[in-house]
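Undergrad: So the sequences go chain by chain: A and B.
If you count the first sequence from 1, position 153 lands on 152 in numbering that gives the first Met the number 0, and the numbers rise without skipping.
If you count the second sequence from 1, position 11 lands on 10 in numbering that gives the first Met the number 0, and the numbers rise without skipping.
Source of the hints: derived by calculation from the structure; they are not laboratory data.
Please note: incorrect hints may appear among the correct ones.
The list treats identical chains as one, so a pair stands whether inside a single copy or across any two.
The calculated DMTMM-like cross-link candidates involving lysine to aspartate or glutamate, where the alpha carbons are at most 25 Å apart (straight line), are [said to hold, decoys possible]:
#1 K22 with E147
#2 K22 with E120
#3 K22 with E149
#4 K125 with D35
There are 2 protein chains.
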Amino acid sequence: MADNASLAALIEALRRLPGVGVKSAQRMAFHLMQHDREGARVLSRTLASAADGIRHCERCHTFTEHQVCDTCLDPSRDAGKLCVVETPADQSAVERTAAYRGLYFVLMGRLSPLDGIGPHEIGLKKLFDRATDGVVREVILATNFTAEGEATAHVIGEGLKSRGLEVTRLARGVPAGSELEYVDLGTIAHALVDRR
Amino acid sequence: MADNASLAALIEALRRLPGVGVKSAQRMAFHLMQHDREGARVLSRTLASAADGIRHCERCHTFTEHQVCDTCLDPSRDAGKLCVVETPADQSAVERTAAYRGLYFVLMGRLSPLDGIGPHEIGLKKLFDRATDGVVREVILATNFTAEGEATAHVIGEGLKSRGLEVTRLARGVPAGSELEYVDLGTIAHALVDRR
Chain A
0 MADNASLAAL IEALRRLPGV GVKSAQRMAF HLMQHDREGA RVLSRTLASA ADGIRHCERC
60 HTFTEHQVCD TCLDPSRDAG KLCVVETPAD QSAVERTAAY RGLYFVLMGR LSPLDGIGPH
120 EIGLKKLFDR ATDGVVREVI LATNFTAEGE ATAHVIGEGL KSRGLEVTRL ARGVPAGSEL
180 EYVDLGTIAH ALVDRR
Chain B
0 MADNASLAAL IEALRRLPGV GVKSAQRMAF HLMQHDREGA RVLSRTLASA ADGIRHCERC
60 HTFTEHQVCD TCLDPSRDAG KLCVVETPAD QSAVERTAAY RGLYFVLMGR LSPLDGIGPH
120 EIGLKKLFDR ATDGVVREVI LATNFTAEGE ATAHVIGEGL KSRGLEVTRL ARGVPAGSEL
180 EYVDLGTIAH ALVDRR
């Protein structure tokens, strides 16, 4: 786009966002410069303050601006339960159900050896230390039901069971509101096995 | 995502980008905070400097950091030809062909009455003043071949012809390298009408 060093730099920087190629980056840069400069300034400020201000909670590993996050500090929560999720977005999904009042451990990823993500990267040692603090009685594995999420749950489950903890996994089954005819066969098979 | 004001603000700001919904914004924020903080800082800096530094070229309306852009200042270009395009990305596409050595006028949009984009928003008066400066002999309409692009070309063409200028339009036809069997019928019909 023309003789424009700062525009070229902006397009290049936008391409660092996941899922954004050169065409999307050009469209975003054009939109911000032509129609929403205030948006560009707001985004610039929020990026800078997030990059400087956000760290990981010492206890549960999620993003927070403090040493320990509000959830971990909440005295009304059941410290005997620890729910293991992959990302803060997953944690927020569990929270929104209002069906869980225990604490969390956020892996910030999943085991994925091909991508170089091993036990260290998802903080397994920290999780094992946390779960064996004497207060936690049950660990609920809420990693995703993908191949990598299942493998991660398996590894964590084996590690914790060998340390004498009760380990459970979110139930697999037919999603609420769905018709059997349109549910994939693997899901129905699991729902049959786990029937109650 | 947790108790996190600066993360929530970042996600909200990312949603101002075109084509980015709440899920994409969460994924982008997670990626930047977990895997690419340096990317977040680079993007923050480039956004701020683009928002402050980029303006419109006084002559052709494209984005530039100067009063007049390098293309308009280039003495080796044929000032008798003026190519009208919708966006800087379109201008850059024409430039990359290396088949055109004239000057440009960038509308920064297209006529779209339903979106509130009228003649004023795309700078038609400025274009007419520019095209009737006595130096320009031919105006080449290179707006997109969409309904809005065609309408824009029509309006500009009528306005300039009434001022006695030679107005041409990019040729419609079969794209280079394509097989007729797979080309849409409207394109083939146009290529028949415009045959040479």
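Undergrad: Run every hint past the structure and note whether it holds.
TA: We went through each hint and held it up to the structure:
1. K22 with E147: between (31 Å within a copy, 20 Å between copies)
2. K22 with E120: between (33 Å within a copy, 24 Å between copies)
3. K22 with E149: Between copies only: 22 Å across chains, 36 Å inside a chain, cut-off 25 Å.
4. K125 with D35: Answer is between; shortest inter-copy Cα gap is 22 Å, intra-copy 44 Å.
Of the numbered hints listed earlier, not one is contradicted by the structure.
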